[in-house]
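**Student:** Residues per chain, in single letters:
Protein chains: 2
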Amino acid sequence: MLPYTANTLKAELNSRGWRLTPQRETILHVFQNLPHGNHLSADELHHVLSQRGETISLSTIYRSVKLMARMGILRELELAEGHKHYELNRPQHHHHHMVCVQCNKTVEFKNDSILKQSLKQVDRDGLQLIDCQLTVTTICPEAIRMGWPSELPSNWSCTRAISETAAEE
Amino acid sequence: MLPYTANTLKAELNSRGWRLTPQRETILHVFQNLPHGNHLSADELHHVLSQRGETISLSTIYRSVKLMARMGILRELELAEGHKHYELNRPQHHHHHMVCVQCNKTVEFKNDSILKQSLKQVDRDGLQLIDCQLTVTTICPEAIRMGWPSELPSNWSCTRAISETAAEE
DNA sequence: TAACAAGTGCTAATCATTTGCAACTAAGTT
DNA sequence: AACTTAGTTGCAAATGATTAGCACTTGTTA
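Residue numbers (my numbering), protein chains in the order written: chain A, 367 to 535; chain B, 367 to 535.
Since the hints were derived computationally from the structure, they do not count as laboratory data. Heads up, some of the hints might be wrong.
Copies of the same chain look alike in the list, so a pair counts if it fits in one copy or across any two.
Once the Cα atoms are required to be at most 25 Å apart in a straight line, the calculated DSS-like pairs of lysine-lysine come out as [claimed, not checked]: (1) LYS432 with LYS450; (2) LYS476 with LYS486; (3) LYS376 with LYS432; (4) LYS486 with LYS471; (5) LYS471 with LYS450.
Using the sequences provided together with the hints, build the complete structure.
**Tutor:** Laid out in structure tokens, this is it:
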């Protein structure tokens with residue numbers, strides 16, 4: 367399921383009646399070269415490509431990214447920002463998310479038993495697993511201390527330490 | 367955290383500087399009287415209310431439902447339909463979801479160890495848990511057999527038996 | 001190499017959700 | 001019990017991510 371090359375990607379696409387296009391190949395490359403833990407929204411991907419001089423229309427990006435997620439090549443992340451993010455789907459490196467309802471900060475964490483439980487559930491129903499994601503909704507103590515969002519100073523941002531497995535930026 | 371009455375709701379709201387309004391009380395009632403396992407989108411809630419003669423503006427519904435989710439009273443579900451659904455948040459009755467990327471069918475299931483793992487993670491970081499949801503993305507064999515979506519007859523719908531680990535009581 | 005369905009890139013829709021604002025009303029205070 | 005002042009509501013208008021329509025282009029397979 368993992369190291370897609372232009373050829374294996376082509377094979378996988380063709381077997382379903384889909385085609386390998388330069389755009390799809392380029393998009394796959396971007397994700398393959400993204401540092402582990404990073405993820406891109408459709409719009410961010412569009413920007414990244416522009417900066418490289420590669421122009422792929424936003425429509426095509428949306429279509430490609432969605433297709434690749436359905437094929438199990440990409441993982442579609444529903445973070446708290448109101449739009450989806452994508453990253454390579456590498457089951458061995460699955461991480462999950464904790465989101466604070468107040469400061470809105472998202473922290474990644476790993477937990478192998480989640481994948482195990484998912485496989486258990488899926489096997490039992492004769493399905494094939496593509497991805498699993500646990501989202502834990504929380505309140506962090508620092509945000510509680512500051513009061514609820516309606517009272518938060520607009521420039522305040524939670525300084526809560528990010529737990530180790532957290533990602534980028 | 368559970369049996370909210372008008373009074374406990376008021377107390378909880380007031381303690382944060384928010385107010386108990388007839389609209390909020392009405393909305394809570396709707397959810398409290400919803401059969402277990404059901405959930406409503408903002409729009410559906412709006413319709414339900416209209417049919418009862420209670421008119422609450424859609425804006426207010428969006429605002430209330432989001433507030434109650436942040437307070438931990440409601441659970442916000444991200445299903446595959448492109449809009450959010452809400453239900454009462456009852457940790458003892460948490461269920462999770464399996465979604466097929468091809469037939470798009472969503473199946474609920476229970477698994478107590480998910481909540482346990484979430485609590486473990488949350489405790490470790492000193493956070494307070496509000497909710498946890500595991501989404502398992504899958505492909506069901508029947509949909510595979512029918513070919514990928516682009517080839518699916520438009521009127522076809524997956525008849526895959528719904529697993530009865532599926533939710534509640 | 002021809003034939004054709006799939007794919008691309010525009011632009012124009014969708015559509016759920018949010019926001020600005022004037023009027024209204026809980027809650028706490030005299 | 002009236003008074004004050006934020007929080008709330010309900011419109012209508014604005015967002016913003018994602019999708020759809022369509023003419024043109026291009027992989028794939030025969």
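**Student:** So, for every hint listed, does it hold in this structure?
**Tutor:** Results of checking the hints against the structure:
1. LYS432 with LYS450: both (10 Å within a copy, 19 Å between copies)
2. LYS476 with LYS486: both (18 Å within a copy, 12 Å between copies)
3. LYS376 with LYS432: Result: close within a single copy only, 17 Å intra versus 44 Å inter.
4. LYS486 with LYS471: between (31 Å within a copy, 19 Å between copies)
5. LYS471 with LYS450: Classified as both; 16 Å inside a copy, 20 Å across copies.
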